[in-house]
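Engineer: Following the hints, position chain B against chain A.
From first to last, the protein sequence lines stand for chains A and B.
For the first sequence, the tail end lands on 427 under the numbering used here, and the numbers increase by one without skipping.
For the second sequence, the tail end lands on 427 under the numbering used here, and the numbers increase by one without skipping.
One copy or two, either will do: identical chains are not told apart, so a pair holds if it fits within one copy or between any two.
Below, a list of computed lysine to aspartate or glutamate pairs in the DMTMM-like style, where the Cα atoms sit at most 20 Å apart:
no.	residue 1	residue 2
1	K303	D14
2	K391	D117
3	K303	E156
4	K391	E163
5	K306	E338
6	K306	E123
7	K303	E409
8	K306	D281
Source of the hints: derived by calculation from the structure; they are not laboratory data.
There are 2 protein chains.
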Amino acid sequence: MTAQQFLHIRSVDDARARFGAVWAPGAPRTEVVALAHAGGRVLGRDVLSPEDLPPHPRSVVDGYAVRATDTFGASEGLPAYLAVVGEVPMGRLPGRAVGPGEAVWIPTGGVLPPGADAVVMVEHTELLPGGPPAAGAGGASAVEGIEIRRPAAPGENVIRPGEDIRRGHAVLRAGTFLRPQHVGLLAGLGITRVDATVPPRVAILSTGDEVVSPERNPEAGQVRDINGPALCAAVEAEGAQAVFCGIVPDRFEALLEATRAARENADLVLISGGSSVGLRDEVSRAIDAVGPPGVLVHGVAMKPGKPVVLGLCGGTPIVGLPGHPTTVLVVFHVFVREIIGRLQARAGEPTPVVQARLARRVASAAGRTDYLRVRLEHRDGALWAVPILGKSGLISTMAEADGLAVVPEAVEGIEMGDVVTVEVFAR
Amino acid sequence: MTAQQFLHIRSVDDARARFGAVWAPGAPRTEVVALAHAGGRVLGRDVLSPEDLPPHPRSVVDGYAVRATDTFGASEGLPAYLAVVGEVPMGRLPGRAVGPGEAVWIPTGGVLPPGADAVVMVEHTELLPGGPPAAGAGGASAVEGIEIRRPAAPGENVIRPGEDIRRGHAVLRAGTFLRPQHVGLLAGLGITRVDATVPPRVAILSTGDEVVSPERNPEAGQVRDINGPALCAAVEAEGAQAVFCGIVPDRFEALLEATRAARENADLVLISGGSSVGLRDEVSRAIDAVGPPGVLVHGVAMKPGKPVVLGLCGGTPIVGLPGHPTTVLVVFHVFVREIIGRLQARAGEPTPVVQARLARRVASAAGRTDYLRVRLEHRDGALWAVPILGKSGLISTMAEADGLAVVPEAVEGIEMGDVVTVEVFAR
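Extracted from the complex, chain A is given alone in its bound form (with noise of 0.2 Å):
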């Protein structure tokens, strides 16, 4: 029954490295998504900008275009005084030219006139009705003037074309998981279909004989599968295609006939249970009979999460998370995420994560990693991480968790108060 296990203990970086050098996921598939949708998606090419963004020299504030030589020398001594000559409407190009001792109205967002190369701040001028009071300045037109109190530089509150975005400038890289600023820059680009890297798919399969799916009332000694929806959830949750194979009983040969079919259609195959050791073991086996390379990584200087199988069978990872319900969510941020992200070819991002004092002390052992579940809480101005006591096989300590306080490996525990790091569960 105890049977041969964790050969060779990994650390969390080892098991990381060791999955990682062997395995290289291909190119993943694309397809061609609306921008309405795209949000939330991960591009699969670059977009190269059809255009200057903006095509024409804009302001940026409302106020009067000029040349920026009129107000050279401008002081509150010595104000430059400017004819009015027109205005620049919004969303067509001006009407006329500024020429030198004018100034034309701009709003924010209107095309600079031919000759202007600086905008004033309405702010920082002075309106005065009849035009302005020099002789030198301002052409037969001008019905008002401004006084302007000191220097607008070249350039001043203006976009140059181009500015935003160069044209060919790859804008976004593949591998940009869509936010709202992305859709946007987009849009403004004029593209509104994307390519989108396909929705992994992520095949899933719940094992154990006492285990019944949660719509059945389970007899004496059975339990409703935990593990099945929690994982299709947290698939959905990282972008991923959720496809629940079943639950699976404890028999070597249902197991592999279970794993095959459900490695045939998927980019990535979860098998949660087996806490027993025999169980574990027979993943492993399962694995090992599916296809080479097989397992890769069986055991991880972990709490929870000590049993976990890396495997990898014909270019397909399949990952064996050990039963209870809390463990295989740990296993699931700890090492599945990552996969799903380098399945979507999804450019690196940090984990949020957030430092809050420790609020009671823990004991860890050195040479493993604990990931603590804690609630966040604000307490007399600083953010303390409360650790949820209880055991690891229950679901609802999880539940009420904000995130995993991590102990690092080379960490033997934790004083109260101490500063720790929380991984923060994405919403």
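Structural biologist: Coordinates of chain B only, in the frame set by chain A:
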């Protein structure tokens, strides 16, 4: 053109407080959702557990179910010996009870047999073929024995009935954002349908004579709508339903009519654009004209985003988001996310933040909250927030950002290397 504006500039906190004091959202509507689609939704009412979880005492390890008293005093020098009289089958109730001096093999997840009150991990036992050496213990059927070298406490490695969830207990509160662990918990209780809040409908209006739909080829002086698509994506990312209501020209009557129509069928109206001073005033006037109480906040001491308008018309919040695309998304981040959360009656959660060192000195006016677009970079073992330079009119600067570094009101500037809080963009 300058008009009366910013009569009462408020701090970010004051603006939130003022708006929050006047607006009392009603209870959100709920709808029944299958558990398989409940991930990412917000729970509409408390969930009471219909039963104890687990229903029977269960082992959390592979080992031997025993009477704890039989192990008291066991030590390396004086082990306890027990007869192994059977094994607990998975998925069924145990076949027989554990008597004094007896042990029964139990797999992880197995139901504890009557008589037993603890489980000794298999790793802490020694199997003795042929039964226990001592005379006192064991039934006639014992073919094997075990040696135990340390005492087990009553309840050790056992989850009591109801220890995870007690029947009738509120396991999840209304307002919970449903993560994978919550889905698993509900599945474990056999709850396969939940009451979720109906995603709020958010109407989105873009304004500006120069703005055309992204599908169109802009003529000279025109620009494509960036804010509309970006806000739609931002709204959907918050779990709400975006309803784009089109691009409205810069005329008060058109704006009023469009705002009225948008409000008819929405829980929240967002009006972007109006970066020019004149149009900003039009947005305020329209909000006041649609219905009381009208504009509550006009002008906030923040950068970017100073001209933001927060209004309320007959219970429907209406937000005016000033024109530049980056500004629009900052205002969304600071004010609109919270309003959507309240519409969903979503329980408050801390915004994910990271602490990082600012990679260059920045100045900031006292009395104003600055939101700097920053890129996060790991360098020399520390996390650095690199401010992205460029005018706030450039959407490309926002597209590069991982989050917003907050320079609080009371701070006048931040030196290079000082630690700042970065609000990380949601995934």
